[in-house]
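Dock chain B against chain A, hints included.
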Amino acid sequence: MKFTINVWRQSGPKEKGGIATYKVNNISDDMSFLEMIDVLNEQLIIQDIEPVVFDHDCREGICGMCSMFINGEAHGPGRGVTTCQLHMREFQDGDTITIEPFRAKAFPIIKDLMVDRSAFDRIIQAGGYVSVNTSGNLPDANATPIEKQDADAAFDAATCIGCGACVATCKNASAMLFTSAKVSQLSLLPQGKIEASERVLNMVKQMDLEGFGNCTNTGACEVECPKGISIENIARMNRDYISASLSSK
Amino acid sequence: MSKLNANIPDGSLADKWTKHKAKIPLVSPANKRQIDVIVVGTGLAGSSAAASLAELGYNVKAFCFQDSPRRAHSIAAQGGINAAKNYQNDGDSTYRLFYDTIKGGDYRSREANVHRLAEVSASIIDQCVAQGVPFAREYGGLLDNRSFGGVQVSRTFYAKGQTGQQLLLGAYSALSRQVAKGRVELLSRHEMVELVKVDGKARGIIARNLVTGELERHSAHAVLLCTGGYGNVFYLSTNAMGSNVTAAWKAHRKGAYMANPCFTQIHPTCIPVSGDSQSKLTLMSESLRNDGRIWVPKNSEDAAAIRNGNLKPTELTEENRDYYLERRYPAFGNLVPRDVASRAAKERCDAGYGVNKTGEAVYLDFSSAIQRFGAEAALVQGVKNPNDDEIRKLGEKVVESKYGNLFQMYEKITAQNPYKTPMMIYPAVHYTMGGIWVDYNLMTTVPGLFALGEANFSDHGANRLGASALMQGLADGYFVAPYTVGTYLSEDITTGKISTNSPEFEEAENISRKRMEGFLNNKGSIPIEVFHRELGKIMWSQCGMARNAKDLKKGIADIRLLRDKFYADVKVPGKMNEMNPELDKAGRVADFLELGELMCIDALTREESCGGHFREEFQSKEGEAVRKDDEFAFVAAWEFAESDPGKSKLHKEELSFQDVKLNTRSYK
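The listed protein sequences correspond, in order, to chains A and B.
Residues are numbered in the numbering used here as their position in the first sequence, beginning at 1, plus a constant of 472.
Residues are numbered in the numbering used here as their position in the second sequence, beginning at 1, plus a constant of 98.
Mimicking DSSO-like on lysine-lysine, the simulated pairs with C-alpha atoms at most 30 Å apart in a straight line are:
id, chain 1, residue 1, chain 2, residue 2
1, B, Lys510, A, Lys620
2, A, Lys474, B, Lys669
3, B, Lys482, A, Lys620
4, A, Lys486, B, Lys683
5, B, Lys279, A, Lys577
6, A, Lys486, B, Lys673
7, B, Lys491, A, Lys620
8, B, Lys183, A, Lys620
9, A, Lys488, B, Lys683
Chain A stretches covered by chain B per the calculated footprint, using a threshold of three residues with CB under 8 Å from any CB of chain B:
id, segment
10, 502-512
11, 590-603
12, 621-628
Negatives, chain A to chain B, calculated, CB over 10 Å:
id, residue
13, Lys474
14, Ile477
15, Lys677
16, Glu682
17, Cys687
18, Thr690
19, Glu694
20, Val695
21, Ser702
22, Ala707
If you are wondering where the hints come from, they were derived from the structure by calculation, not from laboratory data.
Fair warning: this is a prediction, and the values are worked out from it, not measured in the lab.
Beta carbons: idealized from backbone N, C-alpha and C, even for Gly.
Bound conformation, chain A alone (with noise of 0.2 Å):
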């Protein structure tokens, strides 16, 4: 197969950037999008071009580290799937393929298609866990059931692989499912619903304090997120929110 691609490139965070216009042959349509990739920065090193900076790591789609915005989507055409799952045979021969980085002014471009996502680290460090120490001797797992339907619940939440896909695709570039999708997997635990209040609130600020834009429900996140994160999470956590602030403690 034959591509020809159009790509963002941007030599550093304060340098204008500009699409690059390339062309690959002898695709093969097995590739991963991230192999095709890859073909073009074998091409252009050669050619003596500086090839394109994009994250990628595991390739499996379970790190969350490739962020391509791809033909006006994130992580492309395809629904569940992340970049580096992305097969070139969703593509036809001869396309044209744009790709962009997942923009929002909370993800600064590093360089090329490469982007700052640690601002959800921060949304993290706000509260994303259970104040537990390292102990040898914490009650036995076994010691507290959970409802199997609330385990499968905060379990499909903790699923979030924190790619930032649903940023990039929201036009108000929300973190709201990546935020609710942890408030939820927490507050939908026994060990997490002790601190639920304060993380809910603690999050949310911080969310707010990077820059990210509100929720105005338009779903776009759900629809684009490779793991199939719920809405319903945004849901749970506005209500958490809500119960939070309007308590007295």
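For chain B alone, coordinates are given in the frame of chain A:
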């Protein structure tokens, strides 16, 4: 050659750790605040160690090359984590977990370390549940378990096929809590490029800020390497693209011995290689072998017809299938250990029974499981006289609830529906049992330098059992290192802050800079990736699933030639003081090019077959591995010498087994 002292405490095996903990010197809370610790890597071992040490009061700096600690490749572990809880009442115990691990490792691991691992395993589950890790549960609300290869109990805790993710996010949350408190300074997008020793002790590192390209000096009283394994030396592996040996190799070059580097785990159930531009391989969790049955056609004509696309696997009747693991190993069947399952797959494919275009694939079939689960679900749900279609549907639902994400992953990659047609799988490089030599306290041969998790060698011998990597990473990080690192640091309470203005830091930084400038100023024309791919091919064919002296010697010669070519012809674009992933890659590949040679030397030296190390010269008539306990019941720890991996010096740690009798491993 010297004998290595592993500093194993005296006493009976079951009491060693308890007594050791009770006697080791402590550091007072006030003194802990004066002590700095560097943790390199933020996977299960690194995150858990950094969080636990910070909770104790040490000043911790945590480094990772990814953009966030949560990306570390522990995240990709699928199947589960072992613990001797005996919740299933199926006869499990600390001793049985210990014994299974020793046996699974083919008697090449250190008894005392393995017993400690089994002892702390139960606490790991308690810790993770307390953190809010959403393990799979049964309807009664209690934790569910499943079984893994090489054992006859169900002791594996899991969270669908994303157990590593959930455990890592648990450790990451504990780490994040300490970052928020200012107890841990987090340095993401930083790569360790040199170890700094002062007066013979590990006192810091040189790290490259991967965003600005600057070289930074960081000092500490102790350095913990939690940098994972080196499977990427094979180019194609289930490791992440960035997984590398650089931190470990730099430590090795500064005096940390590498132990059993040839012990590589080839995982039996991975998606087969599809083309030349493939950059990585994807694992299909071992948990699938709980319910999937592995087979190839009984007749080679059928296999050929399948390869040509003239026959579908679903068209082949039961009597024309060869469930070769069930046939060869009736006691363990599809759940034999990984090394055994991998070699058996290779044997069938080499004999001409492979089922994909390349002839290197076997089937993993869920149709029996779907039938079985479907019939059970129909009974439970009161469906009267269900027809085949209804049973199938119900069964597929159960399989989806257990393995849904894995099936989806498989379908995304191969464009085939594994609910309807059997999966195709083939062995691939997955894990490295070898690693930096450590003593009982997880300290390397460099005082003050520790190695945790996959980066060290100690617990898995020549073959790791499934669901034991997560257990070891968290055991080391949560429950071992916080004690043993403290013991070392108790002698450092009056040292004071370590200066980074010393000649040692200066020299280490200069060495790193010169190395990088050397790459950038090289007038070569070949991209780095080409060399890495070539190295991978050499390693896979000469030092892969089956090895022999002739191939290994050729491998050594080929690698040396490739290394010379690399330094002469490699082309590294860009500049030093900027973000430059190609420059980072050049450093990593350069280290792999040295490690690969050492792995071949180690494999050549070990004239026996054990676990994942299969020497063709040493096998039984039935093709099983033949160990030579009289000559090779030792850990081969290699010292780097004369700037040349070919001149590495061998040191032996004799393995003495007090509690376990050395037997021929049998899974029949």
